[in-house]
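Enquirer: As they're listed, the protein sequences go chains R and Z.
Residues in the first sequence are numbered from 1 upward in steps of one, following this note's numbering.
Residues in the second sequence are numbered from 1 upward in steps of one, following this note's numbering.
Source of the hints: derived by calculation from the structure; they are not laboratory data.
Where is the CB? At the ideal position from N, CA and C, for every residue including glycine.
No false leads were mixed into what you were given.
Covered by chain R, according to a simulated footprint, are these stretches of chain Z (three or more residues, beta-carbon under 8 Å):
#: 1; segment: 201–214
#: 2; segment: 237–247
#: 3; segment: 401–409
Residues of chain R clear of chain Z, computed beta-carbon distances all greater than 10 Å:
#: 4; residue: Leu54
#: 5; residue: Asp102
#: 6; residue: Val254
#: 7; residue: Gly373
The following label-pair restraints were derived from C-beta to C-beta distances:
#: 8; chain 1: R; residue 1: Val279; chain 2: Z; residue 2: Leu98; range: 34 to 40 Å
#: 9; chain 1: Z; residue 1: Pro433; chain 2: R; residue 2: Val279; range: 29 to 35 Å
#: 10; chain 1: Z; residue 1: Phe281; chain 2: R; residue 2: Ala292; range: 46 to 52 Å
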Amino acid sequence: MSTATTDAPTQPPAEPPDDGSGGGGGGGGEGSGRGAAFGAALWSRLRALANALLLPALALFTALVIGALVMIFTDPNTLNQWSSFFADPVGALKASWDLVSDAYGALFHYSLGTPEFFGRTLTEATPLALGGLSVALAFRAGLFNIGAAGQLVIGATCAGYVGFAFDLPAPIHLPLAVLAGFAGGAAWGSIAGVLKARTGAHEVITTIMLNYISYRVLDYALRSQRFRPPGRADLISRPVHDSARLPIIDVGDVRFHAGLFLAIAAAVAVWWLLERSTVGFRMRTVGANPFAARYAGMSVGAMYILAMVLAGGLAGLMGTVNITGRPSFTLTSGYYAFLGFDAIAVALLGRANPAGVLGAAFLFGVLRAGSTGMQANTDTPVDIIVVIQALIILFVAAPALVRQIYRIKAGRATGQSFTTNWGL
Amino acid sequence: MATTLTPPSPAAEPEEPPAPEVRTGLSDARRVGIGVFVLLLGVVSIVSFGLGSASGLDSRLVLSRAADAVQVPDIVLPARVTGLVLGAANLFLGAALLAGLVRHRVYLVLGIALGLFAVALLTWAARGADTSVIGLLDGTLFRATPLAFGALAGLLCERSGVINIAIEGMLLTSAFVSALTASASGNIFVGLVAGMASGAILGLFLGALSIRYRVDQIIGGTVINIFALGLTSYLGARVLSTYPDLNNPGSFRAFGIPGLERLPVLGELLFRNTIYVYLMFILVFGLWWALFRTRWGLRVRSVGEHPRAADTVGINVLRTRYRSVMLGGVVAGLGGTWFTLEATGEFNENMTAGKGYIALAALIFGRWHPVGALIAALVFGFTEELQTRLAVLNTPIPSDFLLMTPYVVTIIVVAGLVGRSRPPAADGQPYPPD
Numbered sequence: 001m002s003t004a005t006t007d008a009p010t011q012p013p014a015e016p017p018d019d020g021s022g023g024g025g026g027g028g029g030e031g032s033g034r035g036a037a038f039g040a041a042l043w044s045r046l047r048a049l050a051n052a053l054l055l056p057a058l059a060l061f062t063a064l065v066i067g068a069l070v071m072i073f074t075d076p077n078t079l080n081q082w083s084s085f086f087a088d089p090v091g092a093l094k095a096s097w098d099l100v101s102d103a104y105g106a107l108f109h110y111s112l113g114t115p116e117f118f119g120r121t122l123t124e125a126t127p128l129a130l131g132g133l134s135v136a137l138a139f140r141a142g143l144f145n146i147g148a149a150g151q152l153v154i155g156a157t158c159a160g161y162v163g164f165a166f167d168l169p170a171p172i173h174l175p176l177a178v179l180a181g182f183a184g185g186a187a188w189g190s191i192a193g194v195l196k197a198r199t200g201a202h203e204v205i206t207t208i209m210l211n212y213i214s215y216r217v218l219d220y221a222l223r224s225q226r227f228r229p230p231g232r233a234d235l236i237s238r239p240v241h242d243s244a245r246l247p248i249i250d251v252g253d254v255r256f257h258a259g260l261f262l263a264i265a266a267a268v269a270v271w272w273l274l275e276r277s278t279v280g281f282r283m284r285t286v287g288a289n290p291f292a293a294r295y296a297g298m299s300v301g302a303m304y305i306l307a308m309v310l311a312g313g314l315a316g317l318m319g320t321v322n323i324t325g326r327p328s329f330t331l332t333s334g335y336y337a338f339l340g341f342d343a344i345a346v347a348l349l350g351r352a353n354p355a356g357v358l359g360a361a362f363l364f365g366v367l368r369a370g371s372t373g374m375q376a377n378t379d380t381p382v383d384i385i386v387v388i389q390a391l392i393i394l395f396v397a398a399p400a401l402v403r404q405i406y407r408i409k410a411g412r413a414t415g416q417s418f419t420t421n422w423g424l
Numbered sequence: 001m002a003t004t005l006t007p008p009s010p011a012a013e014p015e016e017p018p019a020p021e022v023r024t025g026l027s028d029a030r031r032v033g034i035g036v037f038v039l040l041l042g043v044v045s046i047v048s049f050g051l052g053s054a055s056g057l058d059s060r061l062v063l064s065r066a067a068d069a070v071q072v073p074d075i076v077l078p079a080r081v082t083g084l085v086l087g088a089a090n091l092f093l094g095a096a097l098l099a100g101l102v103r104h105r106v107y108l109v110l111g112i113a114l115g116l117f118a119v120a121l122l123t124w125a126a127r128g129a130d131t132s133v134i135g136l137l138d139g140t141l142f143r144a145t146p147l148a149f150g151a152l153a154g155l156l157c158e159r160s161g162v163i164n165i166a167i168e169g170m171l172l173t174s175a176f177v178s179a180l181t182a183s184a185s186g187n188i189f190v191g192l193v194a195g196m197a198s199g200a201i202l203g204l205f206l207g208a209l210s211i212r213y214r215v216d217q218i219i220g221g222t223v224i225n226i227f228a229l230g231l232t233s234y235l236g237a238r239v240l241s242t243y244p245d246l247n248n249p250g251s252f253r254a255f256g257i258p259g260l261e262r263l264p265v266l267g268e269l270l271f272r273n274t275i276y277v278y279l280m281f282i283l284v285f286g287l288w289w290a291l292f293r294t295r296w297g298l299r300v301r302s303v304g305e306h307p308r309a310a311d312t313v314g315i316n317v318l319r320t321r322y323r324s325v326m327l328g329g330v331v332a333g334l335g336g337t338w339f340t341l342e343a344t345g346e347f348n349e350n351m352t353a354g355k356g357y358i359a360l361a362a363l364i365f366g367r368w369h370p371v372g373a374l375i376a377a378l379v380f381g382f383t384e385e386l387q388t389r390l391a392v393l394n395t396p397i398p399s400d401f402l403l404m405t406p407y408v409v410t411i412i413v414v415a416g417l418v419g420r421s422r423p424p425a426a427d428g429q430p431y432p433p434d
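Same shape as in the complex, but just chain Z:
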């Protein structure tokens, strides 16, 4: 998704644009643009966070909780000096980008700059008070979970060549189904499985629309989203509000991994969670292994990149696509149950609120790779968590603007920072081509 228009190749054969795909082939314009952006971050840090804090105020960054066995000492930063120093560091990085001193690993530099900016923002927001870093990271992981599941669902579909805009609808449907079934059966695991099954059914539906009926895949996905929203709202109004007992599924509890949970910082963060966080990590690395290290993965990818070649060597293109899309539906269904069985403990109308689309952006940002998708989901999760924390900390930024942040960041990421993110070559094209 880079520079102007390298439009889709109509045939199955992908024709890469002549621009050579070099690892460091970042255009000067983009580097300069990123440089200016980093400079801006530095200026904001110095002016707002540095000069904006009265001198003498400290920010205390808390790294462990009172109940932890191993106590890690808090980090105390003087707010004003931190803002100034980190701002200066960003000015330096921006200048280095502009001057062309950094040409390789521009995105790494950008990541560092954003990290410095986030720390400066946090120290400024928490000046004269404590802020729990562990809580921030924990919240990040919490909010990243549904995004990661959504992005992995999209990954499975799109690696096999079917665009999945319907992640949002799958999440919402599964959230509804899991609330209903878990409440009706009184067993939360029934809800989990039923949610996954509903995702698989929608996956089959999306597969039938795009593979068999050759509907424009973006429109097919949109139809599923509108349909899911209408049906869950209708049933919510008709069934769940009449029988509130059917909307009381309960929620999963966190449990620790024996031994590992005693680790300082990491134990609290990674090894004392609900089933969803563990499943997310298992899925990310499982999918990476399955897609890039097994015969099945090679087949899925070949069907998404060059279906005709795959067909020639005897791979059943359509069947492979159906399976991948349904598997993607299962993953999205799993993510959908998170909303009811982990986050809120009940179903609310349109409770996914665009998370499925943000997951899609995470997939693109993560360059159609499981680990990349996880990192992108964490970035989006961090933005969301930061937004809620800033809202609590009573910053002068209006709350409405804070609420925009995840969406603005998504646009910036998709438009500006993704760089040349190449989708699977046959993504969105029916097979055999018309």
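So here's chain R without its partners, still in its complex pose:
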């Protein structure tokens, strides 16, 4: 069943070149030079890459089309036009087209249209990348971390507390806040890991419950004198001090915060851990087949715990870059927990591999950054983004469905299994 399916998109590009060059050499005979072989290898590598990108691209396209249909059939004016379709077919089509092109136009304009908006997109993509890495790492160890939301909340709470409770010089304060955020998320994630390893409690249920608990923990903290700014009665914290804020970086007119570098560094670290280290190998083996891993003498429970600690820590960092990088710099009730669910979509779209996650995070950053501008200018509620995201995950998780829609022949085995069943 599940050979770390997630390898699929990365490995085929790595292997076909051998086939390609071998085939090219055999067909061309002795005469063919090295250039031709190299060209064939490059071509086959490109084709593999295009194949790997084809399904996600089609998934995105289909999701946008269905999202457009949802918009058309819930807009009263457009529906009025459709009710007189036979009297004025062009009018109905034109109204629909205007509606959708306005909404999507705004969506992309407010995310990519100007350098300023592009910087905002990068800022939105940063936490998503970290969250996507969290979920992806857990996937590779055979765990489904639905708890990124809760780990984010706890991480942000810890980082935020360090950020406003202490007065320290920036070179110490910021790293301390980041560390606190990582540690908080890791501790929260470890609960699910330990429960899974010791009692077999399925992580899907425990992490969801931990999400709800984390929101209450944050509310409780926000009610306390330590968090509340003087003279406020609502659930809001004091702002993080300047010394603990992520530095702002300007490249031309593109402004973003240094959390982006943290996300890229985390992606490299996760890649190294999974692909180049012994621990990562064990983790992937446990994810692919826990029986085989145990038979080979690996401690399955220890890998579950480690994976949840690291996944929790990454999700904690997602909260950290938010609280130390997003203007307002204050904690509020349920602090950006919804990003934890976006993270699942990012990890799935990125096929649980670090480079893919970065790309998917950028795409979702576009959707997130553009959606507020879209709502403000076209009255399309931001929730349409959630619908589109759910559709993207759906089509990515069900490649057979996309293939059927577009009549693409199955290239390789489709069986995808990221998670473990109840029995464990």
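Chain R is already provided as a structure; the job is to place chain Z on it using the hints.
Expert: Chain Z only, in chain R's frame:
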């Protein structure tokens, strides 16, 4: 879901781990753990509830309402003594567990200990005042209803071998659809039926994803949940807030069963309710009968346990699974209408707030059995009701911690108390296997 890792068997053939499945085969470690837990309950009862109450305060537990024909006398308990006595009883039970005097029926002992603890908690919280026991139990039943429907929906799916994480999304969608259709048609029963139909459609969708497209079933369910949340929030913002008339479905009224409703205590509790409570009991016992006493039930269970064997004797595995999942969707849809047509009378964004996941935990806690699921739902319902009552009674426990209780209890139940709860052997595996 017990001890470390008995990982899923990859093939359809389930290989039980070598540990013999004896009825009383509870590991010593688990018994000792439960013993320590019971001891703790006893200590908390004595220190907080017993010594924490000033002597001379009474708690009055009220068992009937003023309007009842037959009045049952109230029970008056001295708060301090009750805490001390019940705490001591729990200390005794915990010691008996630790010493190994009790080896059989450990969970029964645990249930008794939790019951004693709950009574001690209640007398302490209500010291110097009245508390309506009948109201507490009534509230328990009320809150357990959607959980029971959700758990029964999961039961139907999982007994046939399809994991249903999508209960939450089904409940939410049905809540939305029933509010919309009942308001638009002005008939509450239209809402009920439309909600069930929306559940069936989502069931068909989940079935198609997991049976035909062989999507990882947990991811497929999660997709449905995210999709349901996004779509209902979007439509809520787009349609319901623009036309508030479309979010005014009305709600079902309680009606009594003639004769039975006059019974003391029980009449008030069980026979004067809305349609949902009656349907819940009918469904629990109907499903038990259908699953374990009919040919249809045998087929569903065989498809969930050993699809290849079922296939060999001529049962259409995929069709059976589709039907069960859709039927599960209908049940979840029925439960979803509870939120709008019984609880609140209107649709609110994300109003199910994780109830679907708690229902899933109830299914696991109830060991994939209808009656077990009902009992588990009642346990969760009791925790929720107790939490709201304690919040009203102004206890020193911070409200945020009280609000956590249902979720904490779910984790404890799933991790610690479930013991060896065995899912259907082929649960979550596509057929034919890869």
